[in-house]
Every structure is written in C-alpha cells, then in structure tokens.
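Chemist: Respectively, the protein sequence lines represent chains B and Y. Going by my numbering, the letters in the first sequence line up with residues 1 to 111, in that order. Going by my numbering, the letters in the second sequence line up with residues 1 to 110, in that order.
Hints are computed from structural coordinates only; laboratory data are not their basis. Incorrect hints may have been included.
Heads up, simulated EDC-like pairs for lysine to aspartate or glutamate below, C-alpha to C-alpha not over 20 Å straight-line [to be verified]:
| no. | chain 1 | residue 1 | chain 2 | residue 2 |
| --- | --- | --- | --- | --- |
| 1 | B | Lys-70 | Y | Asp-95 |
| 2 | B | Lys-9 | B | Glu-72 |
| 3 | Y | Lys-102 | B | Glu-72 |
| 4 | B | Lys-71 | Y | Glu-77 |
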Amino acid sequence: DGGITQSPKYLFRKEGQNVTLSCEQNLNHDAMYWYRQDPGQGLRLIYYSQIVNDFQKGDIAEGYSVSREKKESFPLTVTSAQKNPTAFYLCASSIRGREAFFGQGTRLTVV
Amino acid sequence: GQSLEQPSEVTAVEGAIVQINCTYQTSGFYGLSWYQQHDGGAPTFLSYNGLDGLEETGRFSSFLSRSDSYGYLLLQELQMKDSASYFCAVSPGTDDKIIFGKGTRLHILP
Chain B
1 DGGITQSPKY LFRKEGQNVT LSCEQNLNHD AMYWYRQDPG QGLRLIYYSQ IVNDFQKGDI
61 AEGYSVSREK KESFPLTVTS AQKNPTAFYL CASSIRGREA FFGQGTRLTV V
Chain Y
1 GQSLEQPSEV TAVEGAIVQI NCTYQTSGFY GLSWYQQHDG GAPTFLSYNG LDGLEETGRF
61 SSFLSRSDSY GYLLLQELQM KDSASYFCAV SPGTDDKIIF GKGTRLHILP
C-alpha cells in the first residue's frame, strides 16, 4: 500500500539535544512538507520541498533543518535552537500542492 | 502576508446541514482544499477547488469564489462521526506550497 510513514510515533528529547524525525513516502510525489501543530491550533508550515536537493523555508523554520537527498525521504531535525519544540509534527506529500497525504505524525516532548 | 480565516467552532445537530466558511488573503492562488482531522489523528483530504463553483463528493460539497477570495465546506446529513476539526488550505503559487487555516472544530449534538 502506498503512503507516508513517520517515525517514531512518540519522541522524548532532553533540553539541548538535537533530534531527527523520519518521513518516508512511496507515493512517487515530488512535493513534501513538514508542519507543526500545537494543541487546538492549525498546521504551521516549517519547511517544504518541491524536488530532490531543493527545499524552502515555511513560516516557522527557525530552529529546524531538513534535507532532501532522495525523492522518498524528507527528514526533519529539531535543533537545540528551537526553544519550544514540544508539539505534534506532521509530514505530508502532494502532487503539485493539490491533495496532501499525511503521515500519522510524531509527538515530540521535551523532558 | 498570507492568511486564512475560518470560524473556530461550529455546532450542529445530527442529521442537519452545516456550512464552514473560509476567506483567504494570499499573494497568489491556485486552489482551495479542505481537510478533516479527528482528535489525535492526521488530517485527511476531503476536496479541492481550483475553479469557481461547487464540487460534490457524497455528503460533502465545497464551493469556491475566486473573485471574493472565499470558499466553504458543506456537510449534509451530519453523523456523529463527523465531529472533528476541519481545515481549509490554499496553494498560493507554483512552488507547491500549502498553507492552512487554524481550523474549525465541529461539534455535533444528538
């Protein structure tokens, strides 16, 4: 079955640590995205990528980094520079920005 | 800047019809999408409007007016399982960017 796989589902981070969230898709989509969702809030765009080896900052890119070395993979690193990283992180892919397919998300908690 | 406005909460009765509005202000526009998200889950795609008019998919319909920068999602024959958050989203340009509204929480009363 085609889809998007995010791992891990739950992640705990100590203050000052970098952590990397995995996102893999087998839908053959060119575009991929990372969103952050806080309780009761909408989805805020962190980074997006139209094509391999290219990505663009979204509205809240500070404290995050990404890479797009393969079409199928778009990992997100939450760096120690992100002061409030506890949130629900959602990865998505789409065909030309029309219909986005989402992974099941990663809940990151700073301990 | 770019922004999407939608009501934060809407309440309706089971079996009734409800409309969720969305107005947008973006630097460009290619289409308006709608997504459903149940508590604890991931958003799922409902519909897309690239042109003015009504798109119907079963109990759900979506409307777009590009001249008014406005769209809505219409849910008919409401069921308890429709209790969820609904997000409108805009593709503002050719770079495949998708930006979301803050979502509308739909409460359904029996």
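Chemist: Would you check the hint for B/Lys-71 and Y/Glu-77, treating anything up to 20 Å between C-alpha atoms as holding?
Modeler: Since the Cα atoms of B/Lys-71 and Y/Glu-77 sit roughly 41 Å apart, the hinted pair is violated (cutoff 20 Å).
Chemist: Between Y/Lys-102 and B/Glu-72, is the straight-line Cα distance small enough, at 20 Å or below?
Modeler: The hint is violated at about 28 Å.
Chemist: Hinted pair, alpha-carbon criterion (20 Å max): B/Lys-9, B/Glu-72. Please report holds or violated.
Modeler: holds, 19 Å
Chemist: Is the hinted pair B/Lys-70 and Y/Asp-95 satisfied, with a Cα-Cα distance of at most 20 Å?
Modeler: Holds - the C-alpha atoms of Y/Asp-95 and B/Lys-70 are around 18 Å apart, at most 20 Å.
In the structure shown, a violation is registered for the earlier hints numbered 3 and 4, in ascending order.
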